[in-house]
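What follows is each chain in one-letter form.
There are 2 protein chains.
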Amino acid sequence: MTAPQTLTIPALTAKIEAIFQRARFSAAQAAAIAPVIAAGERDACKSHGVYRIEGCLRSLKIGKVNPGAVPEVIASEGSIVRVDAKGGFSPLAFELGLPLLVERARTQGLAALVINDCFHFSALWVEVERLAAEGLAAMAMCPSYATVAPHGGSAPLLGTNPFAFGWPRPDGAPYVFDFATSVAARGEVELHRRAGTPLPEGWAVDAEGQPTTDPQAALDGAMLTFGGHKGSAIATMIELLAGAMIGDLNSVEALDWLGTTAVAPKHGELILAFDPARFAGGRRDPLAAAELILSGIEGQGARLPSGRRRAARVISEAEGITLSAAEIEGLERLARDGLAAVP
Amino acid sequence: MTAPQTLTIPALTAKIEAIFQRARFSAAQAAAIAPVIAAGERDACKSHGVYRIEGCLRSLKIGKVNPGAVPEVIASEGSIVRVDAKGGFSPLAFELGLPLLVERARTQGLAALVINDCFHFSALWVEVERLAAEGLAAMAMCPSYATVAPHGGSAPLLGTNPFAFGWPRPDGAPYVFDFATSVAARGEVELHRRAGTPLPEGWAVDAEGQPTTDPQAALDGAMLTFGGHKGSAIATMIELLAGAMIGDLNSVEALDWLGTTAVAPKHGELILAFDPARFAGGRRDPLAAAELILSGIEGQGARLPSGRRRAARVISEAEGITLSAAEIEGLERLARDGLAAVP
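First to last, the sequence lines map onto chains E and P.
Position 276 of the first sequence, counted from 1, bears residue number 280 in my numbering, the numbering being contiguous throughout.
Position 146 of the second sequence, counted from 1, bears residue number 150 in my numbering, the numbering being contiguous throughout.
Next up, chain E with everything else stripped away, as it sits in the complex:
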């Protein structure tokens, strides 16, 4: 019998990396993907943790993702850095583009990283944190696959379309948020389905457009955006900017191309990076000015976003990450049998 197990972050990362290599991903791809999944577990963000691995591998098993993709910088001029992921997962393309984006943001004050033709499963907070660590503010967004109805509509058309933002803080963890523009992330609906628990009211409609709390009916129907027409407008903006504008697939096209929501979607991603010092233009210290706002929020007892993730990270770094017996068994099966272990 397999038992629950506690792993250090590097040990879990190595285990995930080995799984991707065993499944015939290139060493470079595996090395870029593994830390992103490990970061999900480290921060108790289970919907982006080891649970993602099967979907990633299934993308390969059905012949969609390119396991040996070598991303390429297509253009880096003006304020736009463009990386073609060549049909691989996004993290390696992000690693290639990151230093160029940072350099460009510092030179121009504002710059964008466009990633095209990537499979996307990673949390965006991982990326905006990297930019915040460079002293840059960042916005990141991408479509997904059409599972969300626009406000006032009844059929899937928008993706869960995550939107993330990061702001560097001088003494410690950055201000970071990252949320689906749907009421919930699709991963959360999937976790409810697996757990057999009903969804909260207001998350979804069934295939006939009627409100439902049944996770399977929601997955067969459409999820709803957060915040009514305002959330729907933001989700639409993400389709336009991070789909149409960057010359990549929208969420309907991504789903049509895949034919399933059981694997990571393929599309593009848009990341904007802002250099606060350049934007402030010497008028005042932008980071110190920001602290007035952030400490004001904390000062009235309201929590900043990402606080739970940050707390989980402290524990993971000190004590390691504990995975359940089922999770450990799944990882061992994948490490042993590779793609053959993927249903």
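Honestly, the hints are just simulated from the structure, not real lab data.
There may be inaccurate statements among the hints.
One copy or any two copies: either way a pair holds, since identical chains are not told apart in the list.
[What the hints assert, rightly or not] Here are the computed lysine to any residue pairs in the SDA-like style, where the Cα-Cα straight-line distance is at most 25 Å: (1) 90 x 291; (2) 50 x 134; (3) 50 x 11; (4) 68 x 296; (5) 68 x 318; (6) 68 x 286; (7) 19 x 65.
Starting from the known structure of chain E, arrange chain P on it as the hints suggest.
Just chain P now, kept in the frame of chain E:
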């Protein structure tokens, strides 16, 4: 007795312009301000229409706004164009910066217009529409004054912090949204107070942090953000990007500096402009790709944002704008007595 009156758009614009000149605003300031207020009436966006005039003039009466401000381009390098509004209202500064922003967005692919030290009363959709007319996508945001509690908090700290987005459509009106990140715009709460009607549930808390539907209690307490913690996160992002980052006031500072919410707030504004052709990089036609998304929304009977404004505009352009007897009387009083007519 004054009667209701129907005016052409140019006639209303001229009337507003004359009021600002009568109140000792410079011709250039008055000429930039008037069309923005007239556009509010034209599009049946009453909260940004003639109702705003008194607040604008009160900003002068209490010695805050600079009526003859001559905005100046402080810097235009890399991707950032910075205009100092010199303590005047924002529209003239926007007019000065707009051509530079357009040129920079076309050259760099992505550019930002920072407006500092402006009094702000105008709707942001007016601005993103101007950029869409140039074939550019645009995002605009600004703080306001602290009247909104952060999610989980109880005291005013955030502004109503509007967020607007525009996308050019090849055959007609652009896709545009513009909303307060509070549940409602402060102007709407003020209109409820004037009309003596209760607020919908969920808009606000009173000074003790308790939910309220009384408009005055809401104005004395705090409004709430739309979409719970997600809307609160976006409102915070706007404080950081369009306040701290650009070296300007946040919503608490704007209120402290003014000492009242009865006049337009002073702070800065951030506008981002994207050239879709540059972002698409020849991969596909970005505007045609966008039409797939937008026609998909309309195709399932869901309405696009700004539809009501657009419909009102068509009527205003054909039939003119009808103002109530009270509105006409107010305009005539202001035209005759200038600042003396402002309470």
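Do the hints match the structure? See the list:
When the C-alpha separation of residue 90 and residue 291 is checked against a cutoff of 25 Å, the pair qualifies only between copies, where the shortest distance is 24 Å, while the shortest distance within a copy is 37 Å. In this assembly of identical chains, residue 50 and residue 134 lie within 25 Å of each other by CA distance solely inside one copy; the values are 20 Å within and 44 Å between copies. Taking the closest pair of Cα atoms, residue 50 and residue 11 come within 25 Å of each other only inside a single copy of the chain (15 Å); across copies the shortest separation is 60 Å, beyond that limit. Only between protomers do residue 68 and residue 296 lie at most 25 Å apart by alpha-carbon distance; the minimum there is 24 Å, versus 48 Å within a single protomer.
Neither within a single protomer nor between protomers do residue 68 and residue 318 lie at most 25 Å apart by alpha-carbon distance, with minima of 37 Å and 48 Å respectively. Taking the shortest Cα distances, residue 68 and residue 286 sit within 25 Å of each other only across copies (24 Å), while inside one copy they are farther apart (49 Å). Proximity of residue 19 to residue 65 under the C-alpha cut-off of 25 Å is restricted to the intra-copy arrangement: shortest distance 20 Å within a copy versus 69 Å between copies.
When each numbered hint is compared with the structure, a violation occurs for hint 5 only.
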